[in-house]
Every structure is written in structure tokens, then in C-alpha cells.
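J.: Residue-level listing of the chains:
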Amino acid sequence: MGTPESTTTERTIRTRAAELTDQPLTLLTVAVFWTWLVVRWTNDFLLDGALIERGTSFFPTAPFEAAASALGSLAASLGPVGFPVGWVAGFFEFLAASIPYLPELAIGVWATILLTVLGIALGFVIAVPLSVARVYGGTITRSLALGYTELFRGTPLLAQLFVLYFATPLTTVIRELPTVGTGFIPAQAFWVAVIAFTLNSAAYQSEYIRSALNSVPEGQLTAARAIGLSKVDGIRHVVLPQGLRYAIPGWSNELVYLIKYSSLASFITVRELFERTDAIASETYRYTELFVLAGLFYLALVISASLLMEYVEEQVAIPGLGTTGR
Amino acid sequence: MSDPLLALDDVYKSYGEEQVLSGVSFEMDAGDVDVVIGPSGSGKSTMLRCVNRLTEIDSGDIYLDGDCVTDADTDVNELRKQVGMVFQDFNLFAHLTALGNVTLGLRKVRGMDKATARERGYEHLEQVGLSDQADSYPAELSGGQKQRVGIARALAMDPKLLLFDEPTSALDPELVGEVVEVMRDLAAEGITMLVVSHEMGFARSAASDIIFLDEGRIVEHGPPEQLFENPQAARTGEFLSRLETTHEGE
Ligand SMILES: Nc1ncnc2c1ncn2[C@@H]1O[C@H](COP(=O)(O)OP(=O)(O)O)[C@@H](O)[C@H]1O
Ligand SMILES: [Mg+2]
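Same order as they appear, the protein sequences are chains E and R.
At position 115 of the first sequence the residue is numbered 114 (numbering that gives the first Met the number 0), and the sequence of numbers has no breaks.
At position 63 of the second sequence the residue is numbered 62 (numbering that gives the first Met the number 0), and the sequence of numbers has no breaks.
One chain only, chain E, in its complex shape (with noise of 0.2 Å):
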């Protein structure tokens, strides 16, 4: 079992993402959204535009914009006790104000979710032999795995970003390779956010299964040896299996971490949804109205995060291993 502080981290995730799907209202709007996102990124990228023209909004605004201006005059007619009117009203403008800017801003959640998928799953990829060799490693792979992850625990992701796009030569090698950069293949940018957040997720992560593979009991791998399982055999079938299942709060945490954390990308040019959202906002100068939305779209994603771990939690739950015993 794990240490009492991650029992009570796992605790507070669970409770949360279980009230998650009490909400229907909470699933309704991540429907709305997702429907909205797949169908715009279908009309933009793979249709060419067929529903309608790309970077054109579905919604119109006029009835928004009329709503708003009804509502305000209704507000001032109403004087000094109007003004719970006027914030409806506030909110219509607000809605029709920002949605010319959705098509664009889709796109940009694109180019988020791109970064945070792969950034997270090659991760992971790296995280499980990493962790084992904090783990189960000699003292050689040991410390190297521990310099791995303090390297890249210990320094700024930012500066981790900076490092690979301006001072190695990965940016001229990938920009050189083929589609690189055409149809909706992204630029050399994007994949050395990629390979950034990769190296750096890898160690976030490769501490939370570390932690959950020390909460497998240590007869869990001496039972595995004794029926003649090589030791890499016992931890792939027998200690990973449990260890992984322990590692799944943890894991929802770094996957949210990482979608917020993927806007550093900007800093690099990345065109994801936080650089879209400012570069919008410093040319119209509605930088309240962008900001919101952008805030939102990231709540939107986080939620959707949340109640995707908690599905794949309680897919993959058996009775009495971790928290999830039933």
C-alpha cells in the first residue's frame, strides 16, 4: 500500500472524478464540446471545408448580439435594481464576441490535445523501464535512472523547451523530414514540444509508478520466482500488472498537469490553444473575452481528462488490488 499522504492524494482525485459523472450537467457539456471540436476539426481538416468555409463560426452572432442589446436597454429601463439584467446581458455579449474566434481557437485545442497525448503516451513508454530500473536496477542503472529524473524534475520545463528548440540541432533535422510541416502534420516546433514533453513527462511519471511499484508486496515477485518466472518475467507479469493499477491516480494528475502545462509550447512558437488565444487577443485587443474562453476550453479538457481516467479506472479495477477494491 502506498505512503499514508498518497493514500489520502488518491483519495481527494477518486472523490472528485466519482462526483464528475454524478453531474449531468458536468457530462452534457463535455458532449457539446467534443461533438463541436470533432465536427469542426472534420470540416476543416478532412472535408476542406465542406459544412462550411474554414475559420467561419458555426454559430451566427446576430441573435446573440440583438439578445444583448435587448437585454441592455431592458437593464437601464429597469434603473438602479437592473442590474442582475445587466449581467445576463453581459454574458450575451461576451458570447457573441467571442464566437468568431471559435474556429480558430478549435484548432489551437488541436495542436493542445496533439501535444498532451503524445507527449504523455511516448512518456509512459520511457517511464515503465524507467521506473523498474529505480526499482529493480543494479546500482549502475539505478543512478542513472535517478539522474534522468532529477534532471529533468529539477529543471524548468520552459528552459527544457528552450534548450531542445534553440541550442541542439533538432529543429534543422525535423524540419528537414518529409510532410513535416504540410497539411495538418505540424511544424518542426510542434514535435520538439513533443520530444520535450516527452523527456520531461518521462520522469514525472516514471516517479509516480516508481512509488506504485514499491507498494507491490515484495512476495508478489518472490511467488512469481518461485514458479521458475526469470525476474524480468516476474516484474512484466506479475509486479507491473498491480503496480500499474496502483499508478493510475498519479497518473491522471500528470495528464493534467500536462495539458495545462503544454501552453509552454507558445514560447516556442507552437501553434496551440494558448498561443492562438494570445495572438488573437493582441490583434483585436479582446483580451478578457479570449482569456475566459481560453480558460474554459482548458477546464473543458481537464474535465475531460478526469472522466476518462476515471473510466479507465474502473475498467481495469479488480476486487482488493489499490483503491478501487470493490
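Rather than coming from a laboratory, the hints here were simulated on the basis of the structure.
These figures come from a predicted structure and were not determined experimentally.
A couple of the hints might just be wrong.
Not the full set, but computed from the structure, chain E residues with beta-carbon under 10 Å of chain R [stated by the list, open to error]:
1) Ala65
2) Ala67
3) Leu70
4) Val215
5) Gly218
6) Ala222
7) Ala223
8) Arg224
9) Asp232
10) His236
11) Pro240
12) Gln241
13) Arg244
14) Ile317
15) Pro318
16) Leu320
With a cut-off of at most 27 Å between alpha-carbon atoms, the simulated DSSO-like pairs for lysine-lysine come out as follows [stated by the list, open to error]:
17) R/Lys80 to R/Lys113
18) R/Lys107 to E/Lys259
19) E/Lys230 to R/Lys159
20) R/Lys113 to R/Lys159
21) R/Lys80 to E/Lys230
22) R/Lys80 to R/Lys107
23) R/Lys159 to R/Lys80
24) R/Lys80 to E/Lys259
25) R/Lys107 to R/Lys159
Now the stretches of chain R that chain E is said to cover, found in silico as 3 or more residues with beta-carbon under 8 Å [unchecked claim]:
26) 65–73
27) 100–110
28) 137–148
29) 152–160
Here a beta-carbon is modelled for each residue, glycine too, at the ideal position from N, C-alpha and C.
Position chain R with the ligands relative to chain E; hints supplied.
T.: Chain R with the ligands only, in chain E's frame:
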């Protein structure tokens, strides 16, 4: 006369300063059931673990069916296929069902296909009376059932020798019986067993020999009648009378 199935010859083992086994030697033939008794910390678990090389010995030799298994070039995984082990705290694979526990070795060690392994797995669960619990996870089983799955898991590998390390001492008293019964059946079938246990009923009825281990040395080794009725060493008698008064094994 044929080779003994298991032979320990002058085995020494220490942890740092602490001498745990000091020249342990004994032999057992195929079909024998030897029960090891002795105070806590006398080296019983260590001795068992040396046999399947979960622990490496310092000096001496251990022979299984005539082969020296403590040679540096012995393939330990090959050795462990031939020596099953049953643990005090069961150590069932927590993420696998009862059947999964029994078939893991068949599939990943013996390389059996899934269907054959399942079939064999069911047979071994049947042998310990648990085929109806095949799909239960360890957390859903009682202690006695867990240990019976543990026995089935060891049996499935078709070992030449089964090692038991206090198989009933983690169990509630009312669950001891079902495990002892399974062990008696195995003994009756002629399976060679080396059992660390203070379950005196089992020792009296099923043991070929009793080995009394104290401070890493075999103090006395003989048939149950001799050890229980007429112990040769003073310490054996003391230990046995202490066992009787406390009514519990360590
Ligand atoms: N892995 C180990 N490291 C250090 N000391 C050990 C280890 N295993 C056992 N010992 C020591 O060896 C002695 C014998 O232990 P053990 O074989 O478990 O005795 P028993 O099973 O008879 O109670 C004990 O004093 C114990 O502390
Ligand atoms: Mg012991």
C-alpha cells in the same frame, strides 16, 4: 540403492555476522514427507529458500535427484520448475483469479497455450477442491481457500518436490483443517514434501521424518514416534513440551 531425491550436505548460510545455517545435512527419498520444526529464527525458512535458491548458500552442496543445484552454472529457473513452494502468507498473485494464479506458470514458464493451461489449471483447482472458485480473485477468497490455491499453483508446475513454509500459521484456527486435509491427500498420493510446520496432527500422521532445527543446526532427525515419544536430545523434549503448553506453532 538409488539417489535420494533431496540431499543437503553441510550447508552454511549467514547474514552478515549472523550465522543462520551451520552445517545442515539431511536426505530425503522420493515420496517422503519430512516435517521441520524449531523455534522462531532457527533458520527453517532460510533452509527452504536455499533449496530453490531464493537464497544463496555460503558453502556446502544441495542435490536434487542427483544433480548438484548449488553449482554456479545451474539454471535457477529450471530448478524452480522442479521445486514448488507454498508460502506462509500465500503470496497469491493479487491481480489474477484463482485460475489465473495456477495457469500463469503453465503459460509463461511451461509455454502452454491458453486452452491447455486452463484445462490443467481446472484439474489442479479440482485437486484442492476449489474448481468452483476458479474466477474468484484472491481478495474474494478466505485464508484457507487462498492457501489451497497457493498449493494448486505449486502443484501445477508438476514439481519433484514441494516446499511448505508454515502453510497454516497465518490462518484462523477454524481454517487450518481444510489446508491440512489437502496436504494429507498430497502426502498419500506420494508427493515428496518438505514441510515447515508445527501442526502436530499433520506431523504425527503424515510425516516420514521430523527434523528439529535449532540455531541453524539439526538437533534431532528421526521418525515421528521417536521424536515425539522418546526424544534423544534434551532440547527436543523442551521444545516439544513448550509447543504443547502454548498450543501454537511459531
Ligand atoms: N533476508 C535476510 N536478511 C537478514 N537476515 C535474515 C534474512 N532472512 C532471515 N534472516 C535472519 O535469519 C534468521 C533465521 O531466519 P528464518 O530462516 O526466517 O527463521 P525461521 O523461519 O526458523 O523463523 C533470523 O534471525 C532472521 O533475522
Ligand atoms: Mg520462517
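J.: Just to be careful: measuring from the Cβ of E/Ala223 to every Cβ in chain R, is the smallest value less than 10 Å?
T.: Result: holds, 7 Å to nearest chain R Cβ.
J.: Do three or more residues of the segment 137–148 of chain R come closer than 8 Å to chain E, measuring C-beta to C-beta?
T.: It holds: at least three residues are needed, and the segment 137–148 of chain R offers 3 whose Cβ sits within less than 8 Å of chain E.
J.: Does E/Asp232 meet its interface restraint, that is, does its C-beta lie within less than 10 Å of any C-beta in chain R?
T.: holds, 6 Å
J.: Please check whether E/Gln241 passes as an interface residue: C-beta within 10 Å of a C-beta belonging to chain R.
T.: With Cβ-Cβ at 5 Å, under 10 Å, it holds.
J.: Residue count check for the segment 100–110 of chain R against chain E: does it reach three with CB-CB under 8 Å?
T.: holds (count 4)
J.: Does the interface hint hold: is E/Pro240 within less than 10 Å of chain R, judged Cβ to Cβ?
T.: Because about 5 Å separates E/Pro240 from the closest Cβ in chain R, which is inside the 10 Å limit, the hint holds.
J.: Are the Cα positions of E/Lys230 and R/Lys159 separated by 27 Å at most?
T.: Within the cut-off at roughly 22 Å; holds.
J.: So, as I understand it, the hint says E/Gly218 touches chain R; can you test that by seeing if any CB pair is closer than 10 Å?
T.: Holds, because the Cβ-Cβ distance from E/Gly218 to chain R comes to roughly 4 Å (cut-off 10 Å).
J.: Holds or violated: is the Cβ of E/Ala67 closer than 10 Å to a Cβ in chain R?
T.: violated, 57 Å
J.: Does E/Lys259 lie within 27 Å of R/Lys107 when you go C-alpha to C-alpha?
T.: violated, 42 Å
J.: Do the alpha carbons of R/Lys80 and R/Lys113 lie within 27 Å of each other, as the hint requires?
T.: holds, 19 Å
J.: Within the assertion that chain E covers the segment 65–73 of chain R, do at least three residues meet a Cβ-to-Cβ distance smaller than 8 Å?
T.: Violated - the segment 65–73 of chain R has 0 residues with a Cβ nearer than 8 Å to chain E, which falls short of three.
Hint compliance for this structure: hints 1, 2, 3, 18, 24, 26 are broken, all remaining hints hold.
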